[in-house]
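Number of protein chains: 2
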Amino acid sequence: MTAQPDHPDAKAGHTLISVDAMGGDEGPAAVVAGCALSAQANPDIGFILHGPQEQLDPLIAKHRELAGRCDVHHATEVVTMDDKPSQVVRTGKNTSMWSAIESVRSGEAAVAVSCGNTGALMAMSMIRLRKLPGVNRPAIAVLYPSSNPQGFNVMLDVGADVRADADDLLRFALMGTSYARNGMDLQRPRVGLLNVGTEEHKGRTELKEAYDLIRAQGESTGFDFVGFVEGGDISGNRADVIVTDGFTGNVAIKTGEGTASMIGNRLREAFKYSPLSRLASLLAYTSLRRLSKKIDPRRVNGGVFLGLNGTVVKSHGSADATGISAAIKLAAQLSENKFNDKLAARVAATLPAEESPS
Amino acid sequence: MTAQPDHPDAKAGHTLISVDAMGGDEGPAAVVAGCALSAQANPDIGFILHGPQEQLDPLIAKHRELAGRCDVHHATEVVTMDDKPSQVVRTGKNTSMWSAIESVRSGEAAVAVSCGNTGALMAMSMIRLRKLPGVNRPAIAVLYPSSNPQGFNVMLDVGADVRADADDLLRFALMGTSYARNGMDLQRPRVGLLNVGTEEHKGRTELKEAYDLIRAQGESTGFDFVGFVEGGDISGNRADVIVTDGFTGNVAIKTGEGTASMIGNRLREAFKYSPLSRLASLLAYTSLRRLSKKIDPRRVNGGVFLGLNGTVVKSHGSADATGISAAIKLAAQLSENKFNDKLAARVAATLPAEESPS
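Chains as they are written, first to last, in the numbering used here: chain P, 576 to 933; chain H, 576 to 933.
For the record, the hints were derived by calculation from the structure and aren't laboratory data.
Heads up, a few of these hints could be off.
[Said to hold, decoys possible] Listed below are the simulated BS3-like cross-link pairs for lysine-lysine, each with C-alpha atoms no more than 30 Å apart in a straight line: (1) LYS783(H) to LYS706(P); (2) LYS913(P) to LYS668(P); (3) LYS847(H) to LYS783(P).
Computed from a prediction, not measured in an experiment: that's the story for all the values here.
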């Protein structure tokens, strides 16, 4: 690394990631450790870390990899998990979360990462970054482990808003397509609309309307619309992008994560059950470790806010260093691909802006 | 068994289960084999099997356990998975599904079991059995593997209707409580309302209204209302009964099942990976088998229609003999407990009937 300690952003070609160091369940030490992991893996990235300078400096000093690659933006306050979003957008100016978003707003960084309160992060991002022209409801997209060739499906919305009408669902399809292309290198993603059955006559009215809108758009916009999909297809191979409203999507991914973690716990119990099974777990150690890496939610940790003037990656509140570093890796890839410009162009090209962005 | 071959229902104390032998993906042979498994496990039950007599008689004859314990009600037609519910209720009089429901309607059997088309089964059950007084929307309840002491949560609605208002959700809480008591012997179930966050200010408006209604009722009706729960709690230990609308519930359980089956597939791959891991899978065979039994969806296969004059158990379309027999076991338990009378009494006692049943 040749970047100068005081001006990491001065280096040409450097990808700067704005990182909210506070607000995660594991504290700033885990966040800084996650940055260090990412720094090791990717020599082209630098960081702007947001939080109390006196707390962050000693943590950064512990990691050799971070020397000369971190700027700290001092912020004294922290958004907690209990803070109400409506409150935080009024009184949160001195928080590390606000500061992290400001670095994207000012153009210093293209992407911000935070593992704080999702509702607050979304509300703050909406107000400070504002919606892209043509987008009425932004969405949170996640990567969900699946039996796809690429190993993951993009799913959105998983909780930005509890509602979505047919127009919103169409925009989710466009934004999800853009994300699959830039975040996962899929040139022609298959898009599915989540419903309770795959037959056209099933489900809620707004879904039938969205079905027609998305089908009409797919032909001209370079994705394959596979029609209605069901809950089982979220981890399956029928689609690459799963479109749904934020209520259903949120319940679905939390159900899936909960089920996976219950199975993991029972698997551990099963392997402790007898001397024979304990021996077996030793023999299978490498294979099981490989499996657990594949389906570890921490590795697909980055939820991404789509539809704003700037990209914000939400990491799990309980993310440890591995989780944080997965979120940063995603942030770096999206930043390097100039993802948000492409997404904005796609939405603008396809849809006449029905309202000016607010 | 001392029941006479021609009149199994004549035996005092005999629990008769009405079984639709047709319409499952695995065909009538799997259904009859499931009945045989149940007959072996429970000497007190007998069956009324519905389907083409000439197909069923030879299948029944293959199973010694069924001798003298099966009546066949001849039905020539079959409801397929592609049939529209609205069509079937008009033209389905000669189907095995219709016939199976008729046996409950006439009082010959207290519970019917079918693994056919869910929508058609629900529509037919609604029209022939009619709703209980005080119930506006019937619901489908399933048992979902969880880290509860009893190993399962009751979840409803998982797909009877795509909508539910606050009043419906309250009735789901009451019906779910009744089911947990009679199907799982839980005297004071904990009831949770599914939402995207556990804070009271989150989620859709009808959920806040339902929150207040259920909380007010819980104090007088003998369940503990634990408030809002999230997707992760469906497989967790915060509640015993999870209340939600049929759209969300359907997506959630299919997401969970899909995720579990993806993990199972990857686990099998992991164990095939190297000679060492293949040896390990041999050593761990018994433990893994025990685990897979615990979380096997076929063992908790019975979805139950609640809120009708009579109980209908829906088995998975793809259920094999093990799955069918789990559904029959549940049907027998509910029948022996006079579950439906108790549920009706509970709903009637708690709520003034706002409309006459239709």
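For which of the previously enumerated hints does the structure constitute a violation, in increasing order of number?
3
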